[in-house]
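Peer 1: Line by line, the protein sequences give chains S and P.
Remember, the numbering used here sits 16 above the position in the first sequence when you count from 1.
Remember, the numbering used here sits 16 above the position in the second sequence when you count from 1.
Hints are not guaranteed to be accurate.
With a cut-off of at most 20 Å between alpha-carbon atoms, the simulated PhoX-like pairs for lysine-lysine come out as follows [unchecked claim]:
#1 S/Lys245 with P/Lys85
#2 P/Lys85 with P/Lys42
#3 S/Lys113 with P/Lys42
Residues of chain S placed beyond 10 Å of chain P at every Cβ, according to the derived structure [stated by the list, open to error]:
#4 Asn18
#5 Lys42
#6 Ala45
#7 Gly55
#8 Ala77
#9 Glu92
#10 Phe117
#11 Cys139
#12 Gly209
#13 Ala263
#14 Leu270
#15 Ala299
#16 Asp304
Simulated from the structure, these hints should not be mistaken for lab results.
Note that the Cβ used here is the ideal one computed from N, Cα and C, for glycine as well.
There are 2 protein chains.
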Amino acid sequence: MNSYFLSCDWGTTSFRLRLVEAGSLKVIAEERSGTGIAGTYQLWQKTSLPREDYFAAIINAQINVLSEKTGIPLQEVPVVLSGMASSSIGMVELPYKELPFNLSGADLAVHRYNRFIIISGVCSKDDVMRGEETKVVGCGLPDTTQEQWLLMPGTHPKHVVVNRGQVVRFQTFMTGEFFDLLSTHSILAASIGGDSALDCDGFIEGLHAGWAGNLLHTAFMVRTNQLLKKISPAHNRSYLSGLLIGAELKAVPLNIPVYVVAGPLHTPLYTLACQLLNIPVAAVIDADEALIRGQWAVIADL
Amino acid sequence: MNSYFLSCDWGTTSFRLRLVEAGSLKVIAEERSGTGIAGTYQLWQKTSLPREDYFAAIINAQINVLSEKTGIPLQEVPVVLSGMASSSIGMVELPYKELPFNLSGADLAVHRYNRFIIISGVCSKDDVMRGEETKVVGCGLPDTTQEQWLLMPGTHPKHVVVNRGQVVRFQTFMTGEFFDLLSTHSILAASIGGDSALDCDGFIEGLHAGWAGNLLHTAFMVRTNQLLKKISPAHNRSYLSGLLIGAELKAVPLNIPVYVVAGPLHTPLYTLACQLLNIPVAAVIDADEALIRGQWAVIADL
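Based on the sequences and whatever the hints tell you, model everything.
Peer 2: Listed below in structure tokens is the structure:
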């Protein structure tokens, strides 16, 4: 076994590569760029190169930078990709693995190309994920017979249900995208201010309204907040954030341990929301670390 | 009393003026243009003219066209405006009349300027309307002691509750705008096709999903419908339409007579939706005729 592996987190509009020490999973060095999957796919379409070769060349260029920076030779080190890399605009389009899958990661669908290891997404009868399945594997959940509920915030949050060591079902929500749509393209845009600090009162008020009400109506309150209550656009931003998270969390059943798998942006919002809505949080798990642990678990089983 | 009045329906992006015979409320002639309130307001800002004068001149130009067309002198005929005309970008910004208001229209807030009669909007503690209050007056609802529920579809549908001859509360929904946002600006756009005929199966499936589920999740099914079920974008359009109307109609309580106040676009969708969801429709009222009857009722009381 190699002493290192390279963890690639390639999103639609961003690229991130980390050199990780095997076993300890310590991150040795990192490169980021704005070379997202979507742009890379567009550039590849203008070439006559094989798709995998083209994508591999883009990654190899970044690996060379990491190698020079660290003085570590990385030509033989395996590279693990999950998420958009296996999508229709990725390095290679792979079919979704159907539910259920084991928390060990051993039965996820994996495609190998030279030193590249690409983990495919997962589907149920009516939903899909690419990337979250690898993070779930890295969550290190306790092996119990009780159902566990993973909250994975983001542009398209996933709620993932684990039972007896298997992921048995999940649902996608459009919370983050609704926030972007409503705050930039809708009639509410003029009532929502720029990136201000969280206004706790506004967030809490929005949260309870979102939890209790009909989103198609409560969303309009962002406008009447400003028209009638003279709430400032900056505070209204927190109200809308709370509103959407409250509407999302209506889907969480009572009396089930919830794990929040998130980064620094979403962790405070979702843990506060759970606390206020009496949703018991069993643990908070760093989504970024979960990805590396999950990728390692999958390749360690190969 | 004059033998005619002019009914002006001035929206954000459209203008419509109708010459109406008093009493019979027969429409004698009509002029339409794309001179919306928003564009007119922007043009006025570049002038040094008094706001009401500028807006009046725009209307008078259209009245002259109607006068020439019909051969009827219209210089003295009253002009009634409701809706956006009293908004912050309208002919004159009028404060909202606070709930409740009488179905006769007698206690709505009215502003007069020469021959122009501008009906203001209505507010509750946390919601607003401009224009629908006039249509409600024109609905000709029976005077009963039972609550009545008016469904008024549109970009921002209103649900208006009438009790003992008064409008006692209402709620705005963002159904139509959500449809536009999701079908043009969201990740779902690629899964939603152009203006096709209604696909009944898709609409009904969406309606039940929207009624039963969490909108932040069910909206994503528009994408997985295409990815997993190979539903065509044209059919998916009807699914999304049903989904949003189903989510909106969750707000309608059981066992209350519902009046659908709509035009030819929304009437079939909302009446079908009510039928499928076991919401009893007491009557369908033409929104356009209700506007003229409402405007007439208000000025008849002056």
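Peer 1: Does each hint fit the structure? Answer for all of them.
Peer 2: Each hint tested on the structure:
1. S/Lys245 with P/Lys85: 47 Å, violated
2. P/Lys85 with P/Lys42: Holds: P/Lys85 and P/Lys42 sit about 17 Å apart, inside 20 Å.
3. S/Lys113 with P/Lys42: 65 Å, violated
4. Asn18: S/Asn18 clear of chain P: closest Cβ-Cβ about 36 Å, beyond 10 Å.
5. Lys42: 35 Å, holds
6. Ala45: 33 Å, holds
7. Gly55: 17 Å, holds
8. Ala77: Given that every Cβ of chain P is farther than 10 Å from that of S/Ala77, nearest at about 29 Å, it holds.
9. Glu92: 37 Å, holds
10. Phe117: The claim stands: S/Phe117 keeps its Cβ more than 10 Å from every Cβ of chain P (closest is about 17 Å).
11. Cys139: 6 Å, violated
12. Gly209: 18 Å, holds
13. Ala263: 6 Å, violated
14. Leu270: Consistent with the label, S/Leu270 stays out of reach of chain P, its closest Cβ about 15 Å off (over 10 Å).
15. Ala299: The claim holds: S/Ala299 sits with its nearest Cβ about 24 Å from chain P, beyond 10 Å.
16. Asp304: 23 Å, holds
Consistency note: the structure conflicts with the earlier hints numbered 1, 3, 11 and 13.
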